[in-house]
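> Using my numbering, you'd call the opening residue of the sequence shown number 1467 and step up by one each time.
The hints are simulated quantities; they were obtained by calculation from the structure and are not laboratory data. Any given hint could turn out to be false.
Have a look at the derived ranges for each label pair, beta carbon to beta carbon [as the list claims (entries may be wrong)]:
1) 1586 with 1501: 32 to 40 Å
2) 1506 with 1575: 13 to 21 Å
3) 1482 with 1581: 16 to 24 Å
4) 1470 with 1560: 30 to 38 Å
5) 1585 with 1470: 18 to 26 Å
6) 1492 with 1470: 30 to 38 Å
7) 1489 with 1560: 13 to 21 Å
8) 1580 with 1482: 13 to 21 Å
9) 1506 with 1576: 15 to 23 Å
10) 1581 with 1470: 21 to 29 Å
11) 1572 with 1489: 19 to 27 Å
12) 1567 with 1489: 29 to 37 Å
The beta-carbon is built from N, C-alpha and C at its ideal position, and this holds for glycine as well.
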Amino acid sequence: MKEMMFGGFMVRFSEDLMGYEGKGLDRPVHFIVDFNVENKEWATFTFAPMFGCCGVVISAASNNRRLDSTTFHQIKAQVAKWLGYSCILATVECTNFPEVIGAGKNGWKFVDSFINKRTQHTLGIMVKHV
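Work out the full structure: start from the sequences and follow the hints.
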């Protein structure tokens, strides 16, 4: 497990990302956020490269257990910037009001929405420039 410090938090990842700084990812990578070296998962997220566009990373499988939303969004933006991305793309279930409000307060722009045909949930598409 590799690790780096971002904003006073330890961000661990299973892949060896040394040498990826500023170059982007070639496969999805799961990140775990700890406070210092406590080895307790405070939050997790996965970044995946967007096929056909090296400037955009897709944020998926986010799970924020113990961080305030501002800190969580800042860490994700710092990691994306470190990897060399210009933009993060994600979806959010529109009825998840805490997540929608937190994303909006932290610089995410909602650009469209759609109904997932498999779940019938309304999802918002959001972007954040880093």
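> Could you run down the list of hints and mark each one as holding or not?
Results for each hint:
For residue 1586 and residue 1501, the hinted distance range of 32 to 40 Å is satisfied, since their beta carbons lie about 38 Å from each other. Roughly 32 Å separates the CB atoms of residue 1506 and residue 1575, a value that falls outside the hinted 13 to 21 Å. Checking the proposed 16 to 24 Å range against residue 1482 and residue 1581 shows it is violated: the Cβ atoms sit about 40 Å from each other. Roughly 33 Å separates the CB atoms of residue 1470 and residue 1560, a value that falls within the hinted 30 to 38 Å.
Between residue 1585 and residue 1470 the beta carbons are some 35 Å apart, a value that contradicts the proposed interval 18 to 26 Å. The given range of 30 to 38 Å is broken by residue 1492 and residue 1470, whose C-beta atoms sit roughly 18 Å from each other. Taken as a hint, the range 13 to 21 Å is violated for the pair residue 1489 and residue 1560, whose Cβ atoms sit roughly 34 Å apart. Distance hint check: the CB atoms of residue 1580 and residue 1482 are about 36 Å apart, inconsistent with the given range 13 to 21 Å.
Hint check: residue 1506 to residue 1576, Cβ distance near 32 Å, so the stated range 15 to 23 Å is violated. At about 38 Å, the CB distance of residue 1581 to residue 1470 disagrees with the hint of 21 to 29 Å. Distance hint check: the CB atoms of residue 1572 and residue 1489 are about 26 Å apart, consistent with the given range 19 to 27 Å. At roughly 34 Å, the beta-carbon separation of residue 1567 and residue 1489 lies within the given 29 to 37 Å, and the hint holds.
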